[in-house]
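Following the hints, put chains B, C and D in place on chain A, whose structure we already have.
There are 4 protein chains.
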Amino acid sequence: VTDRVRVGVIGTGSLGTRHARTVAERVPKAALVAVTDERRDVAEVAATLSPETVHVPGHPTLLSDPAIDAVVITTPNDTHVEMICAAARAGKHIFCEKPIALDLAGANAALAAVSEAGVKLQVGFQRRFDGAYRAARDKLRSGKLGEIELVVATTRDPSPPPAVYFERCGSFFADTSIHDYDVLRFLTGLEVAEVHAVAATFAVEDIGTLATLDTAVTTIRLENGALATITNSRRSNYGYDVRIEVAGSKGKVAVGEHQQSRFETLTDRGATRDFVGSYWDLFEQAYVAEIQHFVDCVANDTEPEATGHDALRALEIAVLAERSYTEGRPVAASKLR
Amino acid sequence: VTDRVRVGVIGTGSLGTRHARTVAERVPKAALVAVTDERRDVAEVAATLSPETVHVPGHPTLLSDPAIDAVVITTPNDTHVEMICAAARAGKHIFCEKPIALDLAGANAALAAVSEAGVKLQVGFQRRFDGAYRAARDKLRSGKLGEIELVVATTRDPSPPPAVYFERCGSFFADTSIHDYDVLRFLTGLEVAEVHAVAATFAVEDIGTLATLDTAVTTIRLENGALATITNSRRSNYGYDVRIEVAGSKGKVAVGEHQQSRFETLTDRGATRDFVGSYWDLFEQAYVAEIQHFVDCVANDTEPEATGHDALRALEIAVLAERSYTEGRPVAASKLR
Amino acid sequence: VTDRVRVGVIGTGSLGTRHARTVAERVPKAALVAVTDERRDVAEVAATLSPETVHVPGHPTLLSDPAIDAVVITTPNDTHVEMICAAARAGKHIFCEKPIALDLAGANAALAAVSEAGVKLQVGFQRRFDGAYRAARDKLRSGKLGEIELVVATTRDPSPPPAVYFERCGSFFADTSIHDYDVLRFLTGLEVAEVHAVAATFAVEDIGTLATLDTAVTTIRLENGALATITNSRRSNYGYDVRIEVAGSKGKVAVGEHQQSRFETLTDRGATRDFVGSYWDLFEQAYVAEIQHFVDCVANDTEPEATGHDALRALEIAVLAERSYTEGRPVAASKLR
Amino acid sequence: VTDRVRVGVIGTGSLGTRHARTVAERVPKAALVAVTDERRDVAEVAATLSPETVHVPGHPTLLSDPAIDAVVITTPNDTHVEMICAAARAGKHIFCEKPIALDLAGANAALAAVSEAGVKLQVGFQRRFDGAYRAARDKLRSGKLGEIELVVATTRDPSPPPAVYFERCGSFFADTSIHDYDVLRFLTGLEVAEVHAVAATFAVEDIGTLATLDTAVTTIRLENGALATITNSRRSNYGYDVRIEVAGSKGKVAVGEHQQSRFETLTDRGATRDFVGSYWDLFEQAYVAEIQHFVDCVANDTEPEATGHDALRALEIAVLAERSYTEGRPVAASKLR
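From first to last, the protein sequence lines are chains A, B, C and D. Heads up, the first sequence is in our numbering, so the first residue is 1 and it goes up one at a time. Heads up, the second sequence is in our numbering, so the first residue is 338 and it goes up one at a time. Heads up, the third sequence is in our numbering, so the first residue is 675 and it goes up one at a time. Heads up, the fourth sequence is in our numbering, so the first residue is 1012 and it goes up one at a time.
Note that these hints are calculated values from the structure, not bench results. A few of these clues could be false.
What the hints assert, rightly or not - Chain B is faced by these chain D residues, among others (derived, beta-carbon under 10 Å):
| no. | residue |
| --- | --- |
| 1 | ILE1231 |
| 2 | THR1240 |
| 3 | ALA1297 |
Just so you know, these numbers come straight off a predicted model, no measurement behind them. Using N, Cα and C, we set each Cβ at its ideal position, and we do this for glycine too.
If we strip away everything but chain A, and leave its shape as in the complex, we get:
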């Protein structure tokens, strides 16, 4: 494996195992050499993905292996800062799932460690690698749709995660809405000026934190005066529903639709289609592409898209949403800086 990028995966839950499989099977110039997880049995399963892969007991061991070039961090959200700092100190290039931190102090600490170590950091905003989103961005940047004026976006999971998830995921805004916050920046190329958020808990047991919010509307004023509204839910019932439309002064682009299946059944009870059941079904191409991009950047020593800066900016919006929700009023982005 001498000329391939040697990758270790820290945290092999559902998405971590997906990323590990991508490294092992979909990125010829990478090798999946090590995996680790708090849950030993889970990591041992992931270690079978490739004959080159070993299970190691804990991330310190993994990070101390000089043969490893880069890590994928898919541990619980509340560990991301610690993991990024440790990986940076160990000189590993880093792909970390969103959010990179639960608060701005943590995010800044993580970015500082990355900067000091001179390693690369890519954050798991996979939509930036999805063909439809990239086509939408290109159309908007072409100027053919004029100045950005109005954005409507949504991300809704089919059903909520188990209760244990909420202990470590951070606020609903930082955990889920953050995808839309990032796409808003990605598609418009604009920063946020003001945020207003309302939210509620309908589908999960409320544990008294912002984590168990499960339904939210974030209204955003962008720096150019354009308006955006983002709705999120942890329980759509009808599938993984991710859509966005961006209207400019001359027209709009829309990405996503309720019905994704090419297979339809028509009887006397109506015309029925399947929807997308999971994040993987909708974004497989993008998830694979983001890992391929990360490996390319490491191999070629180039800067990744979906940077630490992007991670920080999206988290800032989440923090503004948290404050707005808590205080019951809009909060200006200038309050943060």
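Just chains B, C and D now, kept in the frame of chain A:
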């Protein structure tokens, strides 16, 4: 009602009553002055559509009324020739439902009577008045899609009519497929060179005539060498399904889709839409427009679209399909002339 | 016309003429007997819609005619209170376009006049009469989709009205968003608890009032805790875009889609459909049905749907949005009562 | 690579290189060990797909390598029989692109060689491995849609291949329509009773063989009396258009639609979507799955789906279509046996 076109409706079944209502309520320059039907009770109901309308006992009485300018004929198919001839002799302008006859001899007799009397004849090919079909025709005629090459069309009823209907409707080709045959000519502007038809009876009791065929495929070679295939069914289950696509050398147009409803329900069982339940739901605009057009032509002494010539041409295709089905081989259009 | 409902139309601009035509041509039990408009020439054109119709010089003359049973008010928004009060005092039943007033004092005055006179009042919330909206309401009321949790709605006009319109239309919230506010109440059966609105002016010249806002997001908390977000624009470019989705705990309904046409063109440049160009194209069925309903209510002495109470409630939401926009913070509905 | 299935690819044109890449990168239990092609430079490029891959000069050399377990044959259609026979004699398991032969004698010879050698043969009917087609098959087999009655299918390439392709591809029916013939059998589980075909040449230069037909309609009567019509074109302009609908006595399934993109642009010129540009864009999942399936069958010594029998049956339908086209009349399947 002196300056309005005075219309009588002969045959007030489902579609006849629709047309009568259109005359009474949607055509200000027309008056519905008389209705008649073999079934007296049915006609009496239709006579309540407007205070100006009277029920008369039988079409001879209706036709002998000098105050009537024009008639709408929606009697059973096997009476159309007789009705057209009688109406023409009485000097009435004629709107007649398709087919104008069950065979070519009848059609020619009807056209001769119309010609001799100098009255107008419009046939009930309502799709020619539908906005989407007209847009498709205009696009094709613009030349932007190049030369016509391939046509795929379908008409499927949700469920078959009652058994009594088959005694008088003529062949399935003349009764149902004829709509597609006419639209084929309307959209392409081309005549037919050869016809091949296969058919079967699945949904209704076979009475040993071509009337109880209920599933058919007609393959047509047009005069320019382009190919067309038309499928028909008397029982789709899932709604009234009418679609056509016409491909040219530079692109294609398509009219129609399975799902017509703007209302959608999404649950964990899928995304479900309603479809169009009946001919009226799909073509209301066109049915109203064709009657308005007919009245306009009578009032302004202009020639109607959807002429007797169109009626004859479409019936010729149906007759070719009947022969092809019966003989089990393609039949050239030149055999008819 | 003795047994028909005799209707006068006050204000024969674009929509007023549509309503007048509906009365004249689509409601057999009504007669269009009089029209009036500030612009004499406009009213004279409308007076040609039916031989029974006369033009009268000004609404006082029209209202003083004892032969008129009911009026349709489609004058500029800032005259609605005056018109309703005058019509009520004259004992006429009233169909009035939305909004019934530009402020709550006006609305209350109008309702008081109606109540005192014992006449009927229906407000022009035509979406309540649209088949898709009614199907959505029925589905939501059936309980099959569970408790209401999240609503996303939009209304966007293709292009802004002329500058003169803004002098009399009231705020963008009262003029345009009010349709969504009403549909929110209609579909959910819930009242509003809190409103937050942001807005901007992109497409029209700002005259320093809330009238020339042309892009807005209204975020609403409903009385049961459910959340809603409504986006509005006076310039979509791509057509008249009206959509809503209402998500419950078990699934959702959606009404509307970008592409309404059944006609599609496919070339090497993509697959292209038309969209709906105007309010009338999208809601013709509903506009006709609401007038038919109004006439039925007058004829049968029953209470109309889309009542004065509904008009007041929707205006209250608009007033809350105005305050929120002006004050830059959410406003509780309890502040109004 | 001792425990992996060692695969050689014979013919590394567009699709052959795709398959080679799939073996190298998407099938962990397979190794791409050798490639060959008449065009040495083309094969040398493919040999770079994996460090384990070598280029060998000609298929005899490749087949004589005892370290190779299985081959993928993607050479021109007119060589398939020779390649299958040689591979079988060499004891290699075989994945061969459709059609396995250009005539029935060839197909029977190929199957006999395979049978005698006791090797596995899978044919490249990739749609059998597409999720939407499998869902459609399962729905039809469930009986919920009743007895099969009517099938409408199409396959249209965006643009024709270069002229040289026609020298070796066999008839348009055997080269293109055969995909639809196979899917017809796959979805319905029924055999063909009678075939009628019409065809034309519009888009390519006619070289006087059945190869340069480029537009065709095949009408088929199935053994249960059901009817099918299949349209094919070598030049849609608007993308790779593959659709099928199968109607039963209780309802229908449909797979495919014109517009596949999740990305849409809406301006004042309409709502525009991209379509699928190539076979790979539409069927990537299926192409990968068929190769994975083949490797699994070799590794586990199980029988592949998409068998030599299926290849023969589909070719029989193509031969019936050729005869029908040539003779200008329907041909019964019984004529072949």
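For each hint, the structure was consulted:
The restraint placing ILE1231 of chain D at the interface with chain B holds, with a minimum CB-CB distance near 9 Å, inside the 10 Å limit. Checking THR1240 of chain D against chain B: minimum C-beta separation of about 4 Å stays under 10 Å; hint holds. Given hint, ALA1297 of chain D at the interface with chain B, is violated; its Cβ is 22 Å from that chain's nearest Cβ, farther than 10 Å.
Comparing the model with each earlier hint shows a violation of hint 3 alone; every other hint is respected.
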